[in-house]
Every structure is written in structure tokens, then in C-alpha cells.
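Visitor: Construct the complete structure from the given sequences, taking the supplied hints into account.
Residue numbers (the working numbering), protein chains in the order written: chain G, 181 to 414; chain D, 155 to 373.
Fair warning: there could be bad hints in the mix.
[Claimed, not checked] The calculated lysine to any residue pairs, modelled on SDA-like cross-linking and capped at a C-alpha distance of 25 Å, are: (1) Lys229/G x Ala369/D; (2) Lys326/G x His368/D; (3) Lys326/G x Arg366/D; (4) Lys351/G x Tyr229/D; (5) Lys229/G x Arg365/D; (6) Lys229/G x Trp362/D; (7) Lys206/G x Ile214/D; (8) Lys229/G x His368/D; (9) Lys326/G x Glu364/D; (10) Lys298/G x His368/D; (11) Lys326/G x Trp362/D; (12) Lys206/G x Gln213/D; (13) Lys229/G x Glu364/D; (14) Lys229/G x Tyr354/D; (15) Lys351/G x Phe339/D; (16) Lys326/G x Leu363/D; (17) Lys351/G x Leu330/D; (18) Lys326/G x Ile259/D; (19) Lys229/G x Ser357/D; (20) Lys202/D x Gln265/D; (21) Lys326/G x Ala369/D; (22) Lys202/D x Arg403/G; (23) Lys326/G x Ile297/D; (24) Lys206/G x Gln216/D; (25) Lys326/G x Gln216/D; (26) Lys206/G x Val270/G; (27) Lys269/D x Val407/G; (28) Lys326/G x Gln265/D; (29) Lys326/G x Gln213/D; (30) Lys206/G x Leu376/G; (31) Lys351/G x Gly320/D; (32) Lys202/D x Val407/G.
Worth flagging that the hints you see were computed from the coordinates, not collected in a lab.
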Amino acid sequence: MSYTFQFGVIAQYQNEILAGIWMTIKLSVASIILGCAAGIVLASIRSMKTGIGRILVDAYVEIIRNTPFLVQLFIVYFGLPGLGLRVSAVTAALIGMTINLAAYSTEIIRAGIESIHKSQIEAGEALGFTRLQIYRHVIIMPAIAKVYPALCSQFVLMMLASSVCSAISTKELAASAAFIESQSFRSFEVYIVVTLIYLALALALRGVLAVIGLWLFGRRVARRTAVALPEVQA
Amino acid sequence: MILRTFGFSEFGFLVSALLWTVVLTIIALSGGGIVGFVIALARTSTHKWLRIAAATYIQIIQGIPVLMILFLSYYGLSLAGLQLPPLVAAGASMTIYASGYLAEIWRGCIQSVPKPQWEASESLAMTRVQQYRYVILPQALRISLPSTVGFAVQVVKNTSITSIIGFVELARAGQLINNATFQPFRVFLAVAALYFVVCYPLSQLSRWLERRLHARSHR
Chain G
181 MSYTFQFGVI AQYQNEILAG IWMTIKLSVA SIILGCAAGI VLASIRSMKT GIGRILVDAY
241 VEIIRNTPFL VQLFIVYFGL PGLGLRVSAV TAALIGMTIN LAAYSTEIIR AGIESIHKSQ
301 IEAGEALGFT RLQIYRHVII MPAIAKVYPA LCSQFVLMML ASSVCSAIST KELAASAAFI
361 ESQSFRSFEV YIVVTLIYLA LALALRGVLA VIGLWLFGRR VARRTAVALP EVQA
Chain D
155 MILRTFGFSE FGFLVSALLW TVVLTIIALS GGGIVGFVIA LARTSTHKWL RIAAATYIQI
215 IQGIPVLMIL FLSYYGLSLA GLQLPPLVAA GASMTIYASG YLAEIWRGCI QSVPKPQWEA
275 SESLAMTRVQ QYRYVILPQA LRISLPSTVG FAVQVVKNTS ITSIIGFVEL ARAGQLINNA
335 TFQPFRVFLA VAALYFVVCY PLSQLSRWLE RRLHARSHR
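Guide: What follows is the structure, given as C-alpha cells:
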């Protein structure tokens, strides 16, 4: 292989790279917040014993988890305008990521809620907690504490999967890479640099999530979060 | 200008493209299975450096997007002077991707075989290879089934990413049909439905295996 690597070329494009990183971070943070919030709500509906809500949530979770993220993006970006709802590439990416992450969060948080023992709730009642207090302090927070590492792994996977949004022309990090490649023809160098940036972002996000875990749930949860590798969700 | 509409022959094209999705999934799972198995063994080895090397490999693969693995192998291979058809580039990158995750899944399974099993087989003067062959791996295999099938669902879905480098599988076929019909909503819903038809039974199988495994271990 007689190829001379020239990484110097890429330095000229640092503005594109920084803009791409910034967009990836914005999309990831926004979809994590929205997806997690939706996950909590949906998992709560799902944990009810009966009702149409439970069936709907189940259907939503199964449909999203058994179809590719890329196709979901296509439906949002190319399909919705056909129904008279035109969205920009960034909005489509955010909607797609939120819909996708909400389904996975629902499934993970549901598992957490199911692991809360009934006697805990009875103890809450015995202490004179209101229903809302029981829900918040006895069910939701302990449930999330239990599944927090798995939830964070899913967040990291979502951040990495956001690279696919470049396929619908969202200008995030992978799109920056494609742009620089088309300008400089230094494909291999560009993709090595951008891959390393993604690796750094994944480690940084895991670190930030571990700190948040430390603040919310204490040291034990934070440590499990820091070392956990993405758990594979079926 | 006459536009085609999304009819039976278009749907037939999607179904034939689904075949390539399945082929790519099989390549990824068998290739990734072999590489992942070796790395899982290295990860649980008694040599410290082998363990560290395997752990680093897993961390890197799980810390970068599949799309980047795809681009790197696509352009990397062509730099090495190999002009490979997209199927090989796609197969190679999906293999690398699957190996990183399968290695971690199987490491967990090997390590979840109870310690006394190792001690007992050692006291029978088994060699390390014999321990793996007759005692550890048969048990680890059963534990690994639910999560391996669950991961297969991820692989099926992630093969859609290879459409970005132009490999014509289901997602790419959907784009092609859409370019000819301009009925994106209908076309991509059909594409999603086809993915669902493959993935949902696998998800359910994974769940059923999981329940059966738990039922057996709690008996």
C-alpha cells in the first residue's frame, strides 16, 4: 500500500467539523430529554393493569423496536409532507430520534417499574403518602435508579445512531465528514478523524451521564453507569 | 410524464430486496459470530494483555457508529487497492460491527457459568481446552441464546445503513421505488412493514427463549 496519509488537510475544515459536532450534541441532548420524558409517561401508562392505553403503548413500542431507525427517518422526512406536514431535516431528525428513543426508554423503564415490589407501595401507603407521592418517590425514582445504566447505554447508542440522520441531509457530524470528503478527496483520513470524534463523544456522554447519575441516585448507580457497555435490547 | 404507481410489481421488487437484507444479516452473524467468539475467548483468557486488547476492541466498536465502520472499510479497502463489490464491503463492516457486540454478549455468558463448574472440571484434570469444550461452552451456549437472537434483530435493522453506501437491500430498494413513484409514505410504510415481518418473530423468539431459560433456572 503506497498511500501517504495527509491529516493536515482536514485542519482547514475545522469549522465544518465543529458545526457538525455541535449539531450532533444538540440533537442528542434534545432527543434524550424528550425521549426519556415520553418514556416515563408511556411506561406509566403501560404499567396500568388494563385499558386501551396499555395496548396502544405496547403496539407503539413493538413497531418502533422492530423497524430500522433509518426507515423511520424516511417516513418522517419524506412521508409526512405527503400528508401535508412539511418538516425541515433537523426537525425530522429530532422527531425521528425522539420517537425511536421514547420506545426504547419505555421498554427499559417499564422493566424498572415492574421490579418495584408491591410491599414498597404498601409501605408508602402505611406512611400516609398521597398517590402522587407514592408514584414519584416509591415507584418512578427507584425504578429509574435501577435501570439507569441500561437507559444511559441506550442514550449513547442513540447519539451514535444520529449519524444516520446525514442520509436525510441533516447537517450533523457524519454529514460534515461527507462534505469534507467531497471537497478534499481525503476520504480515509476524514473518516478516521470523525470516527475518533464519535468515540470521544461517546465516552464524554457516558461520563456526563455518570455524573448526573451520581447527583440523582448516588455513587453505586453512577459507578455502574460509567462501566456499563451498551446492553443489547431485543 | 407518466409516473409509476406503487403496485404489485413494485412490492415484488421490495420483497426480492428483502432477500439481500437477509443474506447480509446471515453474513454479518456468521462472520461476526466467528470473530466475536475468538474475541470473547480472549476477553475471558488468563492472559492479561489478551484481555485488555479484547476489551479495547469491544469498547471501540461499541463507541463508534455503524455508519463510520461502513465508511472506513469501504474507503479503507479501496485504498488498499481492492476494488470490492458493495456486498463484500457491506459484509465486512457488518461483520466487524456484529463481532464487537457478540463478543461482549458471549463474554457475559461465559462468565455467568458458575465458578464451581470451573473448579470441578479442573479437579478432574481437564485441560483448559477440555474445560471449555465439555463443561463451560455447552452451558454458556444455552444462556446466550435469548440475547443472541435479540441481537440478530439489531443486525437486521442495522443492515439498512448499508443503503447509504449504495448496497441495494430493502431500505435502498425503497428509495429507488420512491424515486420512480413519488409515493414516499406508502413505499416506506411497506418497507417498514417488511422489516417488521422479519424482526417481530425474532423478537418474540428471543423473549420466549428468555422465559424458558428463567423457568428452567428457577425450577
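Visitor: Take the hints in turn and mark each one as holding or not.
Guide: Hints, one by one, checked against the model:
1. Lys229/G x Ala369/D: 23 Å, holds
2. Lys326/G x His368/D: With a Cα-Cα distance of about 20 Å, the restraint between Lys326/G and His368/D holds, given a limit of 25 Å.
3. Lys326/G x Arg366/D: 24 Å, holds
4. Lys351/G x Tyr229/D: Satisfied, since the Cα-Cα distance of roughly 21 Å is no more than 25 Å.
5. Lys229/G x Arg365/D: Measuring from Cα to Cα gives roughly 21 Å; hence the hint holds.
6. Lys229/G x Trp362/D: With Cα atoms ~22 Å apart, Lys229/G and Trp362/D stay inside 25 Å; holds.
7. Lys206/G x Ile214/D: Given pair Lys206/G, Ile214/D holds - Cα atoms ~23 Å apart, limit 25 Å.
8. Lys229/G x His368/D: 23 Å, holds
9. Lys326/G x Glu364/D: 20 Å, holds
10. Lys298/G x His368/D: Within the cut-off at roughly 21 Å; holds.
11. Lys326/G x Trp362/D: 24 Å, holds
12. Lys206/G x Gln213/D: It holds: about 24 Å lies between the C-alpha atoms, which stays within 25 Å.
13. Lys229/G x Glu364/D: 23 Å, holds
14. Lys229/G x Tyr354/D: 24 Å, holds
15. Lys351/G x Phe339/D: Within the cut-off at roughly 23 Å; holds.
16. Lys326/G x Leu363/D: 24 Å, holds
17. Lys351/G x Leu330/D: 23 Å, holds
18. Lys326/G x Ile259/D: Distance of about 20 Å is within 25 Å: holds.
19. Lys229/G x Ser357/D: The hint holds at about 23 Å.
20. Lys202/D x Gln265/D: Holds. Lys202/D to Gln265/D sits at ~16 Å (cutoff 25 Å).
21. Lys326/G x Ala369/D: 23 Å, holds
22. Lys202/D x Arg403/G: Holds - the C-alpha atoms of Arg403/G and Lys202/D are around 23 Å apart, at most 25 Å.
23. Lys326/G x Ile297/D: 23 Å, holds
24. Lys206/G x Gln216/D: Roughly 21 Å between the alpha carbons, so the hint for Lys206/G and Gln216/D holds.
25. Lys326/G x Gln216/D: Holds, because 22 Å separates the two Cα atoms, which is no more than 25 Å.
26. Lys206/G x Val270/G: 10 Å, holds
27. Lys269/D x Val407/G: 23 Å, holds
28. Lys326/G x Gln265/D: 22 Å, holds
29. Lys326/G x Gln213/D: 23 Å, holds
30. Lys206/G x Leu376/G: The given pair, whose Cα atoms are some 19 Å apart, holds under the 25 Å limit.
31. Lys351/G x Gly320/D: At roughly 20 Å apart (the allowed maximum being 25 Å), Gly320/D and Lys351/G satisfy the hint.
32. Lys202/D x Val407/G: Holds, at about 19 Å.
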